[in-house]
Structure formats: structure tokens, C-alpha cells
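Novice: Chains as they are written, first to last, in our numbering: chain C, 3 to 399; chain G, 3 to 399.
Mixed in with the good hints, there may be bad ones.
Because identical chains cannot be distinguished in the list, a pair is counted as satisfied if it fits within a single copy or across any two copies.
[As the list claims (entries may be wrong)] Calculated cross-link-like contacts (lysine-lysine; reagent style BS3-like; alpha-carbon spacing at most 30 angstroms):
(1) K181 <-> K275
(2) K160 <-> K208
(3) K160 <-> K204
(4) K67 <-> K181
(5) K8 <-> K148
(6) K127 <-> K179
No wet-lab data here; the hints were simulated from the structure.
Protein chains: 2
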Amino acid sequence: MKTNYKLELVKKNVVQLVSESELYNKLEQSDITIKFGIDPTNSDLHLGHLVPIKRLKTFQDLDYKVTLFIGDFTARLGDPSGTSKLRRKLSPEIVQQNMSSYQEWIFKILNPDKTRVVYNSKWLKNTDLESLIDLFSYENINTLIKRKGVHQRLEEGKPVSMLEFIYPFLQAYDSVKLKVDIEIGGEDQYFNFLFTRAIQQKYGQKPEVIMTLPLLKGSDGNKMSSSSNNIIPLNQKPDNMFGQIMSINDEIMFDYLMLLSTLESEQITEWEKKVRLKEVNPMNIKMILAKDIVSQIFGNEKAEYAEEEFSNVHRNRKMPLEMPEVTIEKAVEISDMQEALIYFQFTASKRQAKYLIRESAVRLNGQTINDPFQKYSPKDGDVINVGKKTFKKIIIK
Amino acid sequence: MKTNYKLELVKKNVVQLVSESELYNKLEQSDITIKFGIDPTNSDLHLGHLVPIKRLKTFQDLDYKVTLFIGDFTARLGDPSGTSKLRRKLSPEIVQQNMSSYQEWIFKILNPDKTRVVYNSKWLKNTDLESLIDLFSYENINTLIKRKGVHQRLEEGKPVSMLEFIYPFLQAYDSVKLKVDIEIGGEDQYFNFLFTRAIQQKYGQKPEVIMTLPLLKGSDGNKMSSSSNNIIPLNQKPDNMFGQIMSINDEIMFDYLMLLSTLESEQITEWEKKVRLKEVNPMNIKMILAKDIVSQIFGNEKAEYAEEEFSNVHRNRKMPLEMPEVTIEKAVEISDMQEALIYFQFTASKRQAKYLIRESAVRLNGQTINDPFQKYSPKDGDVINVGKKTFKKIIIK
Chain C
3 MKTNYKLELV KKNVVQLVSE SELYNKLEQS DITIKFGIDP TNSDLHLGHL
53 VPIKRLKTFQ DLDYKVTLFI GDFTARLGDP SGTSKLRRKL SPEIVQQNMS
103 SYQEWIFKIL NPDKTRVVYN SKWLKNTDLE SLIDLFSYEN INTLIKRKGV
153 HQRLEEGKPV SMLEFIYPFL QAYDSVKLKV DIEIGGEDQY FNFLFTRAIQ
203 QKYGQKPEVI MTLPLLKGSD GNKMSSSSNN IIPLNQKPDN MFGQIMSIND
253 EIMFDYLMLL STLESEQITE WEKKVRLKEV NPMNIKMILA KDIVSQIFGN
303 EKAEYAEEEF SNVHRNRKMP LEMPEVTIEK AVEISDMQEA LIYFQFTASK
353 RQAKYLIRES AVRLNGQTIN DPFQKYSPKD GDVINVGKKT FKKIIIK
Chain G
3 MKTNYKLELV KKNVVQLVSE SELYNKLEQS DITIKFGIDP TNSDLHLGHL
53 VPIKRLKTFQ DLDYKVTLFI GDFTARLGDP SGTSKLRRKL SPEIVQQNMS
103 SYQEWIFKIL NPDKTRVVYN SKWLKNTDLE SLIDLFSYEN INTLIKRKGV
153 HQRLEEGKPV SMLEFIYPFL QAYDSVKLKV DIEIGGEDQY FNFLFTRAIQ
203 QKYGQKPEVI MTLPLLKGSD GNKMSSSSNN IIPLNQKPDN MFGQIMSIND
253 EIMFDYLMLL STLESEQITE WEKKVRLKEV NPMNIKMILA KDIVSQIFGN
303 EKAEYAEEEF SNVHRNRKMP LEMPEVTIEK AVEISDMQEA LIYFQFTASK
353 RQAKYLIRES AVRLNGQTIN DPFQKYSPKD GDVINVGKKT FKKIIIK
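Just chain C, same shape as in the assembly (with noise of 0.2 angstroms):
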């Protein structure tokens, strides 16, 4: 295959590529270390983690082998950038559970054969002071200090920790450590990637490529992560999933196809003018969509249930068609689902609301609700309903 052809594949959707000519040496040679670091600092995985994991996916399928970084040791600070507070901790024990969880999904999508794990703790652990002070000592903090995040909270004498420096530097050091050509990451990780290429060079390497790709929105159009609470877990059912993508608004849908989908970009751009000129209905689109992402993680035969059982609550049901909407000028402070079910008058009694729900009869977004208490804060587009006849949409102006 020629390497116009396989630098065009790799390189689709890229925010950062530095350089095109670097990456397109890379390609040529057959064996290259393509870096995928990822810090085990939470139980799941999701959706946005997706997008550089399919990216190395289409590196498998040229042929080429790549590397997993597990951070297993740099789990434990945290990788702070970005971040405005200081992370904490973790114990060893939990970045080993973290750690399982996260090969058991992203062993769905990448080829075993050709990937190479590695955890970062077999150098880190046992690197003395001695090696510490000369990586250190390689590079100076000014970048360091001058990166949102951490100048902000300077200035306005919130803590900063030394934590949040030695990272950069020691993710800088886990590609020395294997000579990496190419990395990939979140366009958020552009910053400590390009400190990544300047230490390689003091060590005498040549630097990496770096490739960076578009964070995923969630449904609130923050960058998809933990912290924010948005996420589309990778670890919940098919159907479950299914319901969460077809809940996210339709202008990040048409991101979702871009980074998730196996669809090809004409299609996309074409429904996206479609949509526009109200040609197509955005939810048949997403219904696509939703069954493409839930196909490639569990198979086809999931997907066709998840797909299913999704058309049986809401479509069979033509919910977008007679649904009466509820508009309400900014989100309510509402704490959980009984509190909804009476703020949006389908009962007036708490005593009513929680029957209701223990009785499996409520549902939101198509997902039933079974805990009263569950907390809920109201979003553009949300569907409650209650039985098999009430449903209302929520509107926010």
C-alpha cells in the first residue's frame, strides 16, 4: 500500500500533526513504537477514550504494531493538566483494578496480536534521584508555569502542587524510556507532548510525532470525562448505551459520526446538509449512529437487540410526534426524580411519585428509573414519562 494512501488513513480528523513530513518517514518503516498513553485514575472508560483507540485500530489494520502505555505509576499523581484542583493519590490496589477494566474494553476494539502493553511502573519505580535530577535538569519549568491551569491558580494563590510539574516530565521520560516515533492523544495532550519532543532530543532521540485528536463532547458539550459527570461509560449494557447516545443533542451527533462511526465522511457531510434543510430527521440518523458505536464494541448482534428494544419504547411509541413539551427558562434546581415528577406535574404527591418509580413505570430518555432518589438535573430534549402514555419533553430557553 502506498504511503500517501496509509498517511491519509492515519492522519483523518487530526487537530495537532507535528509533523506531516515526520509521519510520513514513520510509515515507511515497518517497525515503529506508536504510543497510546493512558492513566488507569478511574474505573471506566468511555465513549471520548474511544476516538485515539479506534486511531490505533486503523494503525493494526496497516499492519502496524502499537504500544499501550499503562500508567500505572503515573496513575497515582494524576495527570493534572487542565485540571483546576489538585487530584489526589490513588493506591496501588484501585490503579490495579482501573487497570484491568480498561484492557477488558479496550481489547473490544484493538487487536491482542498486534499490541504491545507496557505499564510505566517497570522504569518509574525504580528510577533513583541520580536519573531524576538529569531528566529534570533537562528542561525548565517556564512552559510549565505559563499553562492555564496552573498560572491561574498562581495568581489567585490557590495550591499548586510539584506533582503537576514532574508529570509532563515524566510522561516525557516513559517515551524515552522505548524510543516512541509516534504518539498519539487528546488534543489537550498537545502541550506535553511537544515538552515529550524537546526532552527526546536532549537524550539524544529523535522526537516523536505527535497526533493529536478532537476531544469528545458529552451530552452537556463539555469535553466528555469523568470529572465532569457526562460521560457515556463503555462498561453498561448495549441497550443502556444505545439510549445514551440517541439522548446526545444532534449538533454533536455529526462530531460522534466524524470520530466514532465506520461511516465515511461524504456520508456524513451530505446528512449533515440534509439535516440542515430539515430533509432528513436528525433521529433516523442517530439511530445509525448509536448502532454503528454499540456494533463495533459488542458486536453485531447486540446492536440489531440494543436497536430493538430502543424502537420498541420510543418509536413504537411515536414519542417525538404527540409528545407535549414543558419549557422552562434556564435548568431548575431539581435534586432527584421523585422532585421532577411533580416539578413537571405528573403527580402532585412525593408518596405518588415514589410508587411510581418503584413501580418501574418511569422512565427517562427511555431508560427506566427505578430509584426514587436518583439524581437528576433537567436537560434540553429530556423525555420523562410515566406508563406507557404520558410523556413530556422538556424544553430549556
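Starting from the known structure of chain C, arrange chain G on it as the hints suggest.
Specialist: Chain G in isolation, oriented as in the chain C frame:
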């Protein structure tokens, strides 16, 4: 001996003491760890180092053991406190050399039987990243960044090394490792000592008592330090040191008396008054000072010999009474001694200047100059003489 009396002795001249009541409690115990840390970053100890070392001697005279912390590991980073440039890393060989030279001189003052010598490489060398991360997580860097030298360089976009942040952590770790009770140092160490106190507490230890002493000024009125080129080194002949002490100006002389002499404070204060009233020639007091210091380091016999030498050259020739003065506007740029002879009109030819110097006919502040190319920049009060009769005193306006 009463603790109150001990307290008065050890706290004499301290700049910062944190805290007096804690110090009192420590002094009541017999088995305490009194730390003085010194990084062998240079080959020469100088009179400035003598100030804390003499304080250690005071503790020894009160029958306490003291602990000399040789920063053989941290020396390789260099303590960047208050410096405005990055220190280069030193090789282990250089550090080793400096280290043995340091001890040779320190034990001219201290009693080896009451001195414990520890090298911080012992624990720092084998400290793993895991322990370091614990250490680094115990304090935020907010205060470190605000330090004058650091903050200013960051503002100006000048490089700031990670090692500058690591240094205070490692210094604190030293105190943690040996559960230090009292730490002694120059007043420029106050910030690091406070940082150490905070870290010790995070490790569940009682914080060390901080005792800082004034920084000795060099002949140029700035802090005596190797990088300022104004030191009076310990590693030289007694009569040279005598001459150098004689060349300090009258104002600084009283600091030296307070910090380095064995004389009583009352005596010093009285002399200060008398000098102000011109009842005493400061030269006579300076002679006592020089002899006292030289005697402490080299013994009485050598001090007397040095005094005699100095008197022969200077006093017997009535140098201070008969000398013509050369007044210059400010320190002119003169490269070496041969040029100085021409500039101050001892001779008109370079050839003759060289000849005079090579014949040992030229002295600067009583010390024979043998190298025509010895670097020289004029200082207020410098006395140059050629042969036995031609003296000139340099006055800088």
C-alpha cells in the same frame, strides 16, 4: 549549667529564631540533633562559613554533639536560593575533592569527637520515585515560585530550572531523615528552613528550631561568597589572611568582631564608640581582630608571626601616616598589576613595571605580588608600594 545561660550563649547575634521557647526545650535535653548543612559546591571555604561553624563550636563547648550534613548529593544540583543564574551540575569527583578540603578546615575549629559527619548521598542516592512523590506531595510550590530570584526570572522569561524547586524539598528531606532538632545556617536559608519545618510536620515530626546567623560581608560590602569574588578564603597562609583582614573597611570590621572574634560584646561596643569619637585608631583594633581570627584557625604562634610580619611591612614604615593618596572618581578598569603600576604613576613603562614585580619589589596591601598579570581592580583603601619608600593609597570617591 542553667538552660537560660546556655540559651543566651547560643542565640547570640541570631537573625531569625523560630522559636526561642522551642530552643529552650531542646537545650534541656542532652541528646539532640543539631544540623549544619553545607554543600561542597566550591573548593574554598571562607571566613563567611566560619560564622555558623563557630556557633556549632559554642554548642560543643556546652557539651552538645553537632551534626555536619555534607550535601555531597545536593551539591551536584547546587542550591539556587537567591542566585539569579542556573547552577551547572557538578561531577561526583569535584564534589569529593571539595568535601575533603571542607572537612580539613572545619576541624581546625570543631572538635571531631563531638561532631557527627553525615553525607546526604547516603539516603538520597537510593531514594526511589515513589518516596519522592510522597515528599513532593507534602508541600505546594506556591511559596517557592514567589521567591525573589525565581519570580523575577519567570517574569522576565529567563530560564528557571526544576532543580530549583526540588532543592528545598531535598533539604527538608535531610532533616526528616535524621529527625533534626535544631538547624543552623545563614540568614539566606530562612525560607528553606521554614519549608523544612512544614515538611517535617507532614512526616509527623516536631519541626526543627530555626537559627539563622548574619551573612558576613566581603571587602566590597556585599555578602561574602565565592561567586562575588570577594572572599577571604580559609585555605591560605596565615600572614596572607592577616593582611586580607587588615584590608576590610572600618565599618565592616565591627561585624567581624561581633561574629568572628572571641572578644566580649561589651568590649566591642566600647571600641565602636571610641572609634566614632576618634579616641582610638581603628587600625589598632583591626590588628587585634586579625590576630584573633588567625589565631583561632592557625593557633597562637602563627597568629603572632603573621602580626609581626604585617607590622614589619606596614607599621614600622609608618605607612598610614606618610602615604600620598590617589583619588579616582570610581573604580576604573585596570586589567592587571603591571597596568596598575602605570596607571598610578609608579613607572611609565610596562617593561619596568614587569621587572619591578618580578623582583618582588611590589606589594598590594602588604602582600608581595609576583605575577605582573595578576588581575586587579582598585578598591577603596588599597595600598600599593614599590620598594620600601614609595607608597600610594587609593581613594575611590
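Novice: Look at each hint and say if it fits the structure.
Specialist: Hints, verified against the model:
In the homo-oligomer, the alpha carbons of K181 and K275 never lie at most 30 angstroms apart, since the shortest distance is 45 angstroms inside one protomer and 71 angstroms across protomers. Taking CA atoms no more than 30 angstroms apart as the test, K160 paired with K208 passes between copies only; the shortest distance there is 26 angstroms, against 38 angstroms inside one copy. Proximity of K160 and K204 under a CA criterion of 30 angstroms is satisfied inter-copy only: 19 angstroms between copies versus 33 angstroms inside one chain copy. Taking the shortest Cα distances, K67 and K181 sit within 30 angstroms of each other inside one copy (14 angstroms), while across copies they are farther apart (51 angstroms).
In this assembly of identical chains, the alpha carbons of K8 and K148 never lie at most 30 angstroms apart, being 37 angstroms within a copy and 50 angstroms across copies at closest. Taking CA atoms no more than 30 angstroms apart as the test, K127 paired with K179 passes in both settings, with 13 angstroms inside one copy and 21 angstroms between copies.
In this structure, the hints that do not hold are numbers 1, 5, in rising order.
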